[in-house]
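**Q** Keeping their order, the protein sequence lines are chains A and B.
Under the numbering used here, think of the first position of the first sequence as 1, with each following residue one higher.
Under the numbering used here, think of the first position of the second sequence as 1, with each following residue one higher.
Just so you know, these hints were derived from the structure itself, not from any lab.
Careful: at least some of the hints might be erroneous.
[What the hints assert, rightly or not] Computed spacing ranges between beta-carbons, pair by pair:
#1 B:S3 to A:T353: 20 to 28 Å
#2 A:E752 to B:P14: 42 to 50 Å
#3 B:P14 to A:K293: 56 to 64 Å
#4 B:P14 to A:E169: 44 to 52 Å
#5 B:E47 to A:P350: 49 to 57 Å
#6 A:V756 to B:N105: 27 to 35 Å
#7 A:T353 to B:P14: 46 to 54 Å
#8 B:P14 to A:G189: 22 to 30 Å
#9 B:N105 to A:D738: 47 to 55 Å
#10 A:C82 to B:P138: 21 to 29 Å
#11 A:R395 to B:S3: 46 to 54 Å
#12 B:D21 to A:R408: 33 to 41 Å
#13 A:R665 to B:K85: 27 to 35 Å
#14 B:E47 to A:L365: 52 to 60 Å
[What the hints assert, rightly or not] Some, not all, of what chain A presents toward chain B, calculated at C-beta under 7 Å:
#15 M78
#16 G91
#17 D273
#18 S655
#19 Y731
Glycine included, every Cβ here is placed at the ideal spot set by N, Cα and C.
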Amino acid sequence: MVGIKGGPFNARLKSLRTPSLNLSDLEIIVGRVKAPEEAVEGEEPIGPTPMPSIKDLRYWDEILLRRYKPFYSPICDMCCFCVFGKCDLTGNKRGVCGIDIKAQQGRWSLLTAVTGLSTHYSHAKELVEWLIETKGPDVPIDLGEKTPVEAPITRVITGITPKKLSDFEPVLDYIGRQIGDLVASIHIGQESDAFDFESKALHAGMLDALSMEIADIAQICALDLPKGDIEPPLVEIGVGTVDIKKPVILCIGHNIAPGSEILNYLEEKGLADAVEVCALCCTAHDMSRYRSKIAKIVGQISMQKKFVRSGFADVVIIDEQCIYTDLQEEARKVKAPVIVTSPKAMRGFPDRTNAPTDEIVKELLDGVPGVLILDPEKVGEVAVRVAMELAPRRRKYKELPDVEAIIRLAKYCKHCKACERACPNSLKISDAMYAAADGDLSKLVELEDKCFGCGKCESECSRDIPVLSMIVKAAERQLKEDRSKIRAGRGPITDYEMRMVADTWGSGITPGCIALVGCANYPGSDREVYEMAKEFLERGYIVVATGCAAMAIARYKDEEGKSLYETHHGIFDAGGMLNIGSCVSNSHIIAAGIRLAVVFSRRIMRGNFAELADYWLSRTGACGIVWGTMSQKAYSIASACNRFGIPVILGPHGSKYRRLYLGNRDELTPMYHVKTGERRDEILVPEHLLYVAESKEEAIVTAIKLCMRYNDFAAGRKAKIMHYVDAYFKYFGRMPEDLKYFVRNEEDIPSEMREVVLEELKREGWQPKEGITWQELVDISTLEKEKIWTFEAMRRGLRWFTV
Amino acid sequence: MISEAYKSGNVPGPLTAVIVDGSIAGEIIKNAKNPLFVVGSMLATEEAGGKKLSEYAIDIAKRLSARGCVTITTANAISVFKDVKDVNTKIMGVVEVVDRLQDPNWGANGKPHDLVVFLGIHYWLGSQGLATLKHFAPHLRTLTLCFMNHPNADWSFPNMNKEDWGKALEEVIQKL
Ligand code: SF4
Ligand code: SF4
Ligand code: SF4
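Take these sequences, add in the hints, and give me the full structure.
**A** In structure tokens form, the structure reads like this:
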């Protein structure tokens with residue numbers, strides 16, 4: 001742990017002295033940071049854009065998109081959005097309505113982002129309403145004394161400082177109104193300009209961050225989930241952790257409500273040891289945050305069908321979001337009743353919410369395949385009672401073939417490769433079938449951790465060969481041994497931790513925060529996510545993870561059988577491996593940069609979006625990696641990061657989102673002096689805002705590069721360049737060809753590689769940039785002087801303390 | 001010749017690739033003024049006709065280098081060129097090179113390109129890059145040498161097995 005406790009951290013900055021860093025010149029607007037217990041709330045002035053509408057932050061989007069131009073890859077040349085069409089938009093053709101292919105991609109961008117946003121918004125709204133109903137409107141929004149700034153994103157976007165649960169209601173109303181405006185813009189004949197579609201997609205992204213924050217803070221505060229614990233409990237993860245001798249309840253989705261009520265019922269009845277409760281996807285994260293000793297995590301979305309087909313689950317609870325839409329069919333095949341619990345995913349089941357509990361239990365035991373119950377408490381009781389009664393009867397139900405059947409089926413394969421062509425990752429199924437026909441199942445086993453578990457291969461096979469079931473059966477032993485440990489999602493990064501890490505992260509000496517987030521649609525195996533995490537930890541980055549990616553990291557262990565969560569500390573600091581939590585916990589990663597801006601530079605938060613986003617973009621080294629990107633939510637989360645100025649790298653499947661934000665390092669970009677207003681044209685750093693990498697190696701090297709920031713101090717830039725060159729050599733076997741863009745002058749060159757770097761720079765015709773003073777680095781911003789509200793407030797003589 | 005897209009769902013629109021064999025592909029490259037060869041991550045993993053894919057790629061890159069052309073290596077494809085002499089390579093991401101190619105004046109060797117040749121790029125990423133060029137780089141023609149039919153290219157091989165792919169790549173090389 002670096003940093004000092006309590007005192008004024010300016011003292012710590014002295015250790016930053018470099019050959020040219022003259023601290024008497026260093027005038028960061030920090031002053032003394034208050035200890036949490038001294039914090040006085042409500043003194044913070046409100047900035048220029050509280051509750052921004054779709055037009056209010058357009059100027060910020062212009063700044064972003066001038067630097068990082070939308071790069072479009074249409075996945076469909078057609079438009080069938082209205083009945084004027086269907087229209088061919090190839091090349092420079094326009095639709096009947098007049099739209100062109102670029103604007104059409106922008107429209108898709110907005111549609112995708114607003115879908116992701118609506119999903120989190122609706123989830124947050126439902127959750128807050130349920131929590132107000134069950135716990136009351138006055139549940140305090142209190143994340144503990146180490147985190148006095150309870151909801152940074154809410155403050156930044158809306159200007160509201162929520163004190164109690166019901167304070168989120170006006171914020172949710174605001175988001176709802178914005179969604180209406182965003183969706184209305186999509187209608188034919190409304191928005192027509194690609195930039196404006198993008199600006200609105202970014203607006204949707206920003207509101208997604210807000211929705212996620214509300215959802216997570218509400219559940220943390222009302223259900224007492226970990227509040228930024230640096231050592232949250234270790235939770236079991238993996239198929240092998242589930243005791244299938246007991247009745248098994250499987251919860252799938254992204255909503256804690258029904259799952260927590262199952263856990264409550266078990267505790268109340270003293271049945272916690274008698275029933276196995278396990279979960280998949282974000283519901284698993286949230287249930288284990290709620291009751292880490294009872295709830296078990298099976299794994300990522302890729303495990304949904306694999307686990308259900310295995311027949312282990314006696315009851316399947318489906319809540320919301322990324323759940324296979326045919327999962328109830330899978331459950332029906334293994335005679336496991338389904339309880340659907342969300343009005344957004346009723347899946348054709350009869351609504352039994354108001355039916356007597358005994359009646360519902362009887363129906364499900366009598367063979368009704370599933371019911372809709374919109375009362376979480378009732379779900380808790382029904383699920384437990386049905387699982388306990390049904391378990392002994394359904395032991396024999398499995399959808400998996402035995403080994404002889406696998407060999408027989410493999411012999412029947414005609415090697416047409418229709419399955420491979422349909423498989424998202426073109427897995428080499430035909431080769432595995434050849435081997436299996438000869439009795440060698442090892443190639444099927446090898447496919448397991450690359451297989452997304454979608455079953456698309458099966459629906460394409462004209463011989464009805466159950467490819468996925470064969471993979472799962474072949475890998476059965478490995479799956480049963482699949483058990484590891486993950487830390488329960490810890491929730492927010494605390495202001496206290498931020499005080500400790502502010503100087504090293506803020507200056508770049510801790511070279512960056514890498515956020516491994518998102519879905520499980522990996523281009524290779526999920527091992528790649530673990531390998532990325534390991535590499536960045538070894539390099540001394542801060543590694544944070546959420547959702548499926550956090551689980552993928554836990555799946556692999558070292559020689560001593562320990563996961564990265566066990567071998568690394570959980571503090572937000574260099575070398576920390578943090579599970580932040582579920583998808584909605586992504587908000588805390590975005591909030592971390594806001595906390596830094598407040599702790600390190602005392603920036604005003606409330607209603608001051610652009611300034612905080614500028615702070616992220618030009619000062620705070622971080623990069624998100626969404627390696628298995630798949631959903632609309634992943635897109636809106638990436639858009640959230642992007643509007644906040646955080647670069648994101650997507651895995652190759654991300655190219656199908658149709659849009660990236662790419663910079664061009666050969667074009668200079670305007671920067672402004674925050675005090676004099678002087679404009680200067682500079683090389684673009686970070687280079688891209690939304691990028692697709694083709695391989696794990698490219699993702700690692702690019703993430704290191706995208707953690708560079710314009711305002712890096714020499715010591716920080718030096719550290720980043722050292723990692724960049726080192727990783728480049730490791731993976732590409734040579735010097736990077738673009739060093740001249742990042743080495744500002746000789747002080748940025750790591751001493752241990754000085755000669756080789758200088759030689760390369762000479763070859764590239766590099767000219768050192770003279771006269772950089774560190775005061776100047778601190779004073780340069782992407783925003784024009786008048787847009788920086790903190791300085792404006794100071795000019796007006798306002799004084800405030802936040803933390 | 002009719003061939004479905006390798007990914008059965010990849011049906012972009014009315015304009016789809018003309019299917020070519022190895023010898024026509026070789027002619028197309030030979031006749032281009034300043035072709036740009038872009039090779040990707042599959043170079044390190046794929047085989048064709050019993051040989052490593054990288055061997056074909058290196059051979060083509062060498063022949064193009066002799067004409068003053070450049071090979072862009074994306075992802076970690078540069079690793080297979082490590083000890084190879086007489087090849088002009090540059091490292092860029094697929095999306096970076098495709099982005100630059102939308103500018104009709106841009107050239108990896110300083111001169112504008114008239115043809116872009118893809119080999120060994122992740123299928124969907126390659127397909128999406130080709131879509132960008134199809135719509136936004138009308139000054140360019142695109143050719144893919146992968147074993148998978150890419151409808152977004154101007155010219156593509158049909159879907160083929162690895163043996164036939166090796167033969168097709170040999171035919172390309174013969175023409176250069
Ligand atoms: S929205 Fe426009 S482009 Fe799309 S189908 Fe209608 S008229 Fe055609
Ligand atoms: S689609 Fe069916 S028959 Fe064809 S290769 Fe795949 S498993 Fe074999
Ligand atoms: S179930 Fe697995 S093998 Fe089958 S298509 Fe999906 S990812 Fe490919």
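**Q** Verify the CB-CB distance for A:R395 and B:S3 against the hinted window 46 to 54 Å.
**A** Given a distance of about 49 Å, which is inside 46 to 54 Å, the answer is holds.
**Q** For the pair B:P14 and A:E169, does the Cβ-Cβ distance stay inside 44 to 52 Å?
**A** holds (50 Å)
**Q** For the range 42 to 50 Å, tell me whether the beta carbons of A:E752 and B:P14 fit it or not.
**A** Check failed, 57 Å falls outside 42 to 50 Å.
**Q** At the C-beta level, are B:E47 and A:P350 separated by a distance inside 49 to 57 Å?
**A** holds (55 Å)
**Q** Holds or violated: 56 to 64 Å for the Cβ distance of B:P14 and A:K293?
**A** holds (59 Å)
**Q** Go through the hint on A:Y731 and say holds or violated, using the shortest Cβ distance to chain B against 7 Å.
**A** holds (6 Å)
**Q** That 27 to 35 Å hint for A:R665 and B:K85 (C-beta), does it hold up?
**A** holds (29 Å)
**Q** Assuming the hint says 52 to 60 Å, is it satisfied by the Cβ distance from B:E47 to A:L365 or not?
**A** holds (55 Å)
**Q** Does the hinted range 21 to 29 Å hold for A:C82 and B:P138 at CB?
**A** About 27 Å separates the Cβ atoms of A:C82 and B:P138, which means 21 to 29 Å holds.
**Q** Honestly, do B:P14 and A:G189 meet the 22 to 30 Å range at C-beta?
**A** holds (25 Å)
**Q** Is the shortest C-beta separation between A:S655 and chain B less than 7 Å?
**A** With a minimum Cβ separation of about 4 Å from chain B (threshold 7 Å), the hint on A:S655 holds.
**Q** At a threshold of 7 Å, is the proposed contact between A:G91 and chain B supported by beta-carbon distances?
**A** holds (6 Å)
The structure fails hints 1, 2, 9, 17 (numbered hints given earlier, in ascending order).
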